[in-house]
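What follows is each chain in one-letter form.
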Amino acid sequence: MMGEKRQIDARGSFCPGPLMELIAGMKAAKVGDELEVLSTDKGSAADIPEWVKKVGHEILATIEENGVWHITVRKAK
Amino acid sequence: MMGTERISIILVSEDREDLQMAGMIASVGAVSGNEVTVLVSMNALKYFLKGADDKAPAAGQMGEMLERKKAPSFKTLFEQAAELGDARIHPCSMAMDVLGVEWRDLETFMKEPMGLTKFLDDAKGGQVWSF
Chain A
1 MMGEKRQIDA RGSFCPGPLM ELIAGMKAAK VGDELEVLST DKGSAADIPE WVKKVGHEIL
61 ATIEENGVWH ITVRKAK
Chain B
1001 MMGTERISII LVSEDREDLQ MAGMIASVGA VSGNEVTVLV SMNALKYFLK GADDKAPAAG
1061 QMGEMLERKK APSFKTLFEQ AAELGDARIH PCSMAMDVLG VEWRDLETFM KEPMGLTKFL
1121 DDAKGGQVWS F
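These protein sequence lines map, in sequence, to chains A and B. Be aware that the first sequence starts at 1, since it is given in this note's numbering, and climbs by one per residue. Be aware that the second sequence starts at 1001, since it is given in this note's numbering, and climbs by one per residue.
So that you can see chain B by itself, here it is in the shape it has in the complex (with noise of 0.2 Å):
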């Protein structure tokens, strides 16, 4: 039987290897009965607007072959680990501010923007990534 456990990751990077990483631990992760929490900061952030692109810069050689080849784009499996495993995936708040947008600037499965009290109060004694 299923074991949930809480798993949070913490979303910072542009490169897209990290952003596909984070995006398979978060689907896998949340359709396999975990709880996962998503803290999207920093430069990830701007992939998370309304119809924003999804083609993120290759750190490597991998990235680059990511492209090519048929892998799900990242951002369909942060969609997916929220609709189909309930993910939380999160705006950080202090990013917003950054950036200067609003929460309805982005898309529709981000839930509210998080503080890093929360964030880190929701993290306590579960599995923490960061990418």
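Only chain A is shown next, with the shape it has when bound in the complex (with noise of 0.2 Å):
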């Protein structure tokens, strides 16, 4: 199934800023959709693919470009 993608943009937040944009998006988001939150926080580069593997999402990719994560979810669920 081809869901949609979207990107969160939440450069410039600290943790748990860009984890609880993600969370809002996949509330928001379908089955299948797929959603990139760029972060500059390292520490949310960390704990968001935690958080993914913890309630059953999937990660995609977690790519770091000039201090710029883009880490892309799948709503699984």
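One thing to keep in mind: the hints can contain errors.
Computed list of lysine to any residue pairs in SDA-like fashion (alpha-carbon distance at most 20 Å, straight line) [to be verified]: (1) A:Lys-53 to B:Ala-1059; (2) B:Lys-1069 to B:Leu-1084; (3) A:Lys-30 to A:Gly-3; (4) A:Lys-54 to B:Gly-1085; (5) A:Lys-54 to B:Lys-1069; (6) A:Lys-53 to A:Arg-74; (7) A:Lys-77 to B:Ser-1032; (8) B:Lys-1050 to B:Arg-1088; (9) A:Lys-30 to B:Leu-1084; (10) A:Lys-54 to B:Arg-1006; (11) B:Lys-1069 to A:Gly-12.
Non-contacting residues of chain B with respect to chain A, defined by C-beta distances greater than 12 Å in every case (computed) [what the hints assert, rightly or not]: (12) Val-1012; (13) Met-1094; (14) Val-1098; (15) Phe-1131.
These are computed hints drawn from the structure, not numbers from a lab. As the structure is a computational prediction, the values presented were derived from the model and not from experiment. All C-beta atoms, glycine included, are put in the ideal place defined by N, C-alpha and C.
Make the complex out of the two chains shown on their own, each in a separate frame, by following the hints.
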């Protein structure tokens, strides 16, 4: 199933800001949708995948580019 | 898969750092599928009055930095804990009596006033954090 793709720009926000923005986005998303979070907070880059694993969604990619983390998540349920 | 745990937080401090850390645990704990209950008492309660300023005094350097940098405000974190993670945030009934405020005077995300007997009973067998 191909879902929609959305980007959440949480650059400049500190922990747990990027995670909370992702969760708000996940609530509004449909199963199969992909959300890409942009974050400049190093802690969030580690914490977001932990949350995704814990609640049972899917991490598609975690890439760092010029100090910005791009974390892509698929809503699994 | 998610393992649900009970997390009980008792919040009494008026220091920015304590309020921030409690808000972080409440929000992240709640959105990770845990049952979070917060009891707000003593000097912390005044910040949860409707429209209250959330500029709590910093206890140290970190608190000052939190204000300068773009950290989410502790009040936003508690609101997100309630709205996104169904955390239950209760005012302490004793502190309300001392402060002379009613439930309707508090932020709309605040649940009904709670006493210690109920809080301690709910906290049984789970994690308890105090700030």
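**Study point:** Broken hints, by number
**Key:** As far as the earlier hints go, 1, 2 and 5 are violated by this structure, in ascending order.
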